[in-house]
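Chain W is already provided as a structure; the job is to place chains X and H on it using the hints.
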Amino acid sequence: MMSIKAIDLDYTYGPGTAFEHHVLKHVNFEIQDGEFVGLIGHTGSGKSTLIQHLNGLIKADSGDILYHGTSIYSEGYKLRELRGRVGLVFQYPEHQLFEADVFSDVCFGPKNLGCSEEETKKRARHALSLVGMDESFYGRSPFELSGGQKRRVAIAGVLAMRPEMMILDEPTAGLDPRGRDEILNQIERLNRQHGLTILLVSHSMEDVARYVDRIMVMNHGEKVFDGPPKEVFLHYRELESMGLAAPQITYVVQGLRERGIPIDDSITTVEEARDAILSLLCTSKPHRD
Amino acid sequence: MNIIKAVNLVYDYIKRDEEDRIEEVKRAIDHVDLEIEKGSFVAVLGHNGSGKSTLAKHLNGILLPTEGTIWVSGLDTSDEEALWEVRKTAGMVFQNPDNQIIGNVVEEDVGFGPENIGVPTEEIWRRVDESLEKVGMAMYRKRSPNRLSGGQKQRVAIAGVMAMKPQCIVLDEPTAMLDPNGRKEVIRTVHDLNRAEGITVILITHYMEEVIGADRVIVMEGGSVVMDGTPREIFSSVERLKEWRLDVPQVTELAFELKKKGVALPDGILTREELIEALVPLLEHGMKGMNDVNKSN
Amino acid sequence: MIRDITIGQYYPVDSVIHRLDPRTKLFGTMIFIISLFFANSLLCYLAATVFMGAAVKLSKVPFRFIVRGLKAIVLLLLISIGFNLFLTDGEELFRIGFLRVTREGAALAFFMGMRLMYLVVGSSIMTLCTTPNQLTDGLEKSLGVLKRIGVPVHEISMMMSIALRFIPILVEETDKIMKAQMARGADFESGNLIQKAKNMIPLLVPLFVSAFRRATDLAMAMEARCYRGGEGRTKMKPLRYAPRDWTAYGICVCYLAGVIALSRL
Chain W
172 MMSIKAIDLD YTYGPGTAFE HHVLKHVNFE IQDGEFVGLI GHTGSGKSTL IQHLNGLIKA
232 DSGDILYHGT SIYSEGYKLR ELRGRVGLVF QYPEHQLFEA DVFSDVCFGP KNLGCSEEET
292 KKRARHALSL VGMDESFYGR SPFELSGGQK RRVAIAGVLA MRPEMMILDE PTAGLDPRGR
352 DEILNQIERL NRQHGLTILL VSHSMEDVAR YVDRIMVMNH GEKVFDGPPK EVFLHYRELE
412 SMGLAAPQIT YVVQGLRERG IPIDDSITTV EEARDAILSL LCTSKPHRD
Chain X
14 MNIIKAVNLV YDYIKRDEED RIEEVKRAID HVDLEIEKGS FVAVLGHNGS GKSTLAKHLN
74 GILLPTEGTI WVSGLDTSDE EALWEVRKTA GMVFQNPDNQ IIGNVVEEDV GFGPENIGVP
134 TEEIWRRVDE SLEKVGMAMY RKRSPNRLSG GQKQRVAIAG VMAMKPQCIV LDEPTAMLDP
194 NGRKEVIRTV HDLNRAEGIT VILITHYMEE VIGADRVIVM EGGSVVMDGT PREIFSSVER
254 LKEWRLDVPQ VTELAFELKK KGVALPDGIL TREELIEALV PLLEHGMKGM NDVNKSN
Chain H
4 MIRDITIGQY YPVDSVIHRL DPRTKLFGTM IFIISLFFAN SLLCYLAATV FMGAAVKLSK
64 VPFRFIVRGL KAIVLLLLIS IGFNLFLTDG EELFRIGFLR VTREGAALAF FMGMRLMYLV
124 VGSSIMTLCT TPNQLTDGLE KSLGVLKRIG VPVHEISMMM SIALRFIPIL VEETDKIMKA
184 QMARGADFES GNLIQKAKNM IPLLVPLFVS AFRRATDLAM AMEARCYRGG EGRTKMKPLR
244 YAPRDWTAYG ICVCYLAGVI ALSRL
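Top to bottom, those sequences are chains W, X and H. First residue of the first sequence: 172, per the working numbering; consecutive thereafter. First residue of the second sequence: 14, per the working numbering; consecutive thereafter. First residue of the third sequence: 4, per the working numbering; consecutive thereafter.
For the record, the hints were derived by calculation from the structure and aren't laboratory data. All C-beta atoms, glycine included, are put in the ideal place defined by N, C-alpha and C. Please note that the accuracy of each hint is not assured.
What the simulated footprint calls covered on chain W by chain X, stretch by stretch (three residues with Cβ under 8 angstroms from a Cβ of chain X suffice, anywhere in the stretch; the number is not a length) [unchecked claim]:
id: 1; region: 242-250
id: 2; region: 316-330
id: 3; region: 337-347
id: 4; region: 417-431
If we strip away everything but chain W, and leave its shape as in the complex, we get (with noise of 0.2 angstroms):
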């Protein structure tokens, strides 16, 4: 079943003033339910810019958006529904936390969607324990925590509205490797657990080569690639020319094919180039006749 379609998306900031920018140009893509897609790209690219029309905070210049099905630009589309069933965290969440303690702050969202308050309070509950939060930090003020239990704070904020699709934009900005392995743990979890489908924005290649299905490359407002992990980085030329580059082990195995190594070229994680090795390594041992 299909989730979102995004067709011809056409967008340009600032039309006719000296900040005029042609930000997308004719996008187009699919996105599956329950799939785990990566977005990347240059800065300046339009990844942000993108993943802000996908839950209807810019609308584009020309183009559609369906969203299982219909069209989101169509007459009397409910917007705020949409955005509690397509949730979107920005770079730095913990920005927006504004409530005196942690579990008002993450009712904002069910609440504003219409929510009972029992209802409001058990998606409360559920989103904080679906970030590894007991009750314990319930009561405490969200200013008093470390910045990345802030930031899991606001990202079960946007979990209360029980949305069916999350977009993250560069959920690990600023972690360091701890936080970072939490918070993308995380993620798989709610994706291969819980089935939501995810939406990935990030700079890191060795993150998204490891965790997602399936990327799609944006350059200069186009989009440039799309396709599972393996394929995309068999690019890395042309992805290092834009200003990218594939994760290390993409280069350890080029290496190796250029001294003349039949190891796979396909290769993007450490896992898959340890058995690749060991395999071509095994295999030569002398037999006895």
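What follows is chains X and H alone, placed relative to chain W:
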């Protein structure tokens, strides 16, 4: 000569309630002894909460030790009279690019430091010109900082510190808020400064790639120094680094995984070239053996 | 991208007016405003027009930028002209329905309107030709005298300068926070006045928190660069008068004297 010397450094964050009674005491630095050689490039690695940022803030007197002493170029940071000299000697670049730029125009921001220390007008202009050249931002001097990228803003911040002619620059997670290109820009700039000007660089970070080019790596955990050595030495202990939830470059991790399975690789592989050079002969030998087997069948 | 919006209307071009010391321009603008309150005849306004026209010409700023400021006061102008035109007693000129227009009313309306427009255009020239930083520097230098009575002139000037620097950043942040809350279903548009005010809390609280955080960071960065108030500070771009400034001062004084003289006729 040691530019930084810390003896038995202890720092406690003390949280007080409304009546100023002590509510909570958190020990951020736990008896650290440290010496940093002039002209070296030292990276301080650790996850958030390890004490690395707290340590950085001691280096220019923003924080004063709860116990112990820290000397910058022979000056005791807790000596009030010496504080400004300390800050002239050890300049600091912070994490958030926007929140350390004062001027409305790039060249004015670089001049802010010299203005504060009473440098005469003509000399200020000389220093601003020089500093902007050294960080490669001279062509942006008349721009508003709002029109710069994150990496460019950090380079302006570095120029602003350089204009004060310090002996040492401390960078507290300068790349945490930047994209990969910005990160590369900033790290390249500080390496250039370290090599060309002989400025001591102390880089606080949690990004592994940034640490590889350092002369010395200090790993902090729970307020103490747990590892101290060259990048190669540090990255040889992959398991301990993982215990402290720190990253290793993918190449180092791959080498480690292969060694676990008995592959004869040297310790402390840091770059992809090193890994490829080490693997090729092993694989070729293996393949040759395989071809021989095939031939004999 | 929102931080591309510039504050004030500084128009960057090289002209005599641009090169004048900001203190001179502040003085000139003040003189001009004072002169407008003395002006009570067509002859006076002729003098004012000549003075202002010369300034406009010398500033090399395109006319459409100069009159942009007038757009903002269109409503005020109409109200002011209307009141004076229709509500002044005196010798009646003509009637429109129940509204009577008197000679005195017409004269008052004319002069009021002129005064307002000239006020706006006059101050526009000042902001079009002076950067916000130059303005704060100029104010700091000219109000320096007040330091003797304990007014923290330097600190106020530094505050204004920093505020100017951060306004675009905070505007952009407001937009980001608004969008983040809207993504959680917040509604900033509907509802009565009280509801709208309440709805602002999820916008204002994070904004204030952010502003405080920035202030703390900035203070630390300033101290790290040895900032300790105005004592012992030198200037990278010190304000120094040039011969053209003295000429300008002279012209301004003569102009004011002229207008006052003409107003006595």
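Tested hints:
1. 242-250: Result for this restraint: violated, n = 0.
2. 316-330: Answer holds; 3 residues pass the 8 angstroms Cβ test.
3. 337-347: holds (count 4)
4. 417-431: holds (count 9)
Consistency with the previously given hints fails for number 1 only.
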